[in-house]
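A.B. asks: The opening residue of the sequence shown carries number 1 in our numbering; numbering runs sequentially from there.
Incorrect hints may have been included.
Straight-line distance between alpha carbons at most 30 angstroms, and here's what the computed DSSO-like set of lysine-lysine pairs gives [claimed, not checked]:
#, residue 1, residue 2
1, K157, K140
2, K260, K246
3, K304, K140
4, K225, K14
5, K14, K246
6, K153, K206
7, K304, K260
8, K225, K260
9, K206, K132
10, K225, K38
11, K246, K225
12, K132, K304
13, K38, K153
14, K260, K153
15, K206, K304
Read the hints as simulated data drawn from the structure, not as lab findings.
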Amino acid sequence: MINFGIIGTNFITKQFIVAAENTGRMRLTAVYSRTQAKAQMFASAYRYVTVIHDDLADFLADDSFSTVYIASPNSLHFDQACQAITAGKNVILEKPATTSPAQMQVIQDLLQAHPQVHFFEAARHIHEPNFKVVQEQVVKFDQVQGANLTYEKYSSKFDSYLAGNNPNVFTLEFAGGALQDLGVYLVYEAVALFGMPQASTYAAQKLESGVDGKGTAILDYGDFKVVLNMGKMNNSYLPGEIYAGKQTLILANNAADMEKISLVDAQGQVHVLANNRPNNPMTAEINDFADVLENPTALANQQKEQAWFQLAVQVNQVMYDLRQSAQIEFPTDNK
Numbered sequence: 001m002i003n004f005g006i007i008g009t010n011f012i013t014k015q016f017i018v019a020a021e022n023t024g025r026m027r028l029t030a031v032y033s034r035t036q037a038k039a040q041m042f043a044s045a046y047r048y049v050t051v052i053h054d055d056l057a058d059f060l061a062d063d064s065f066s067t068v069y070i071a072s073p074n075s076l077h078f079d080q081a082c083q084a085i086t087a088g089k090n091v092i093l094e095k096p097a098t099t100s101p102a103q104m105q106v107i108q109d110l111l112q113a114h115p116q117v118h119f120f121e122a123a124r125h126i127h128e129p130n131f132k133v134v135q136e137q138v139v140k141f142d143q144v145q146g147a148n149l150t151y152e153k154y155s156s157k158f159d160s161y162l163a164g165n166n167p168n169v170f171t172l173e174f175a176g177g178a179l180q181d182l183g184v185y186l187v188y189e190a191v192a193l194f195g196m197p198q199a200s201t202y203a204a205q206k207l208e209s210g211v212d213g214k215g216t217a218i219l220d221y222g223d224f225k226v227v228l229n230m231g232k233m234n235n236s237y238l239p240g241e242i243y244a245g246k247q248t249l250i251l252a253n254n255a256a257d258m259e260k261i262s263l264v265d266a267q268g269q270v271h272v273l274a275n276n277r278p279n280n281p282m283t284a285e286i287n288d289f290a291d292v293l294e295n296p297t298a299l300a301n302q303q304k305e306q307a308w309f310q311l312a313v314q315v316n317q318v319m320y321d322l323r324q325s326a327q328i329e330f331p332t333d334n335k
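Starting from the given sequences, assemble the full structure and let the hints guide the process.
C.D. replies: Following this line, the structure appears as structure tokens:
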């Protein structure tokens, strides 16, 4: 059993904990929060938690767990991941892992200095069975001619922003915005399916806070382009589409959740390739990470871990390039 601790006490953390315990391979035993009361309140819902901390250094020094799941605000990811790696903890870090390639290089250097530590960016959708169906179909195409990928969802925090508050997800200070929150799913998909683009541009609709409320990115692959539509100010029900001549691969209900995968052939006939998705979308990634943590010396596991990290580095670079093209700068960029 892999015992883990958490940094970040929000809805996504709860979803991760449920998925982890349902696999029977990972178990929450430690909770960190900046306040003892909040840590205690959160921990009280989970029967295996034995320790709580309101001091991060003490938390990371605790030997009751080997792995830490970090789901704090985006701007805190880098510092907390660095401290965890230095403390010898395996790290599962919610996306986006960092805000710049320079930070990713520091992570890479730390991992080389601590070879016993394993690091995963929690891009849950690329581990799901339906995404693997998409990958397999894309490989079968004679020639990809482009794609449109959309993920626009009205944020539960947007009303608060409109009321004059400053929720983290809509501030530069906490590295918020549509690209960082929802667009990262789309960038991960594009890079995982098609590789690194030759050029990346982002037309952002900025809010008064300076972050992007929504926007459209274009990834140029030379022979074709991939269009990414992301937003936190409205809901979109457009599926993702990947084009290959007379064939179209459809990712519904959106390009991130991919609950249904269909192929429309040259005759216009629709073939459903996948139409099922687990109740908890984090299950697949947790099983993949647990495979590595339970048997880190297996060559196949080492190769998968290296491939995931390389993909994370590439996605981080594209995300940074897109922000730079839109002139969106975070205080952490030069850190």
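A.B. asks: With reference to the structure, classify each hint as holding or not holding.
C.D. replies: Against the structure, the hints come out as follows:
no., hint, in the structure
1, K157 with K140, "violated (41 angstroms)"
2, K260 with K246, "holds (20 angstroms)"
3, K304 with K140, "holds (22 angstroms)"
4, K225 with K14, "violated (37 angstroms)"
5, K14 with K246, "violated (43 angstroms)"
6, K153 with K206, "holds (16 angstroms)"
7, K304 with K260, "holds (26 angstroms)"
8, K225 with K260, "holds (23 angstroms)"
9, K206 with K132, "violated (34 angstroms)"
10, K225 with K38, "violated (46 angstroms)"
11, K246 with K225, "holds (17 angstroms)"
12, K132 with K304, "holds (14 angstroms)"
13, K38 with K153, "holds (29 angstroms)"
14, K260 with K153, "holds (18 angstroms)"
15, K206 with K304, "violated (37 angstroms)"
In the structure shown, a violation is registered for the earlier hints numbered 1, 4, 5, 9, 10 and 15, in ascending order.
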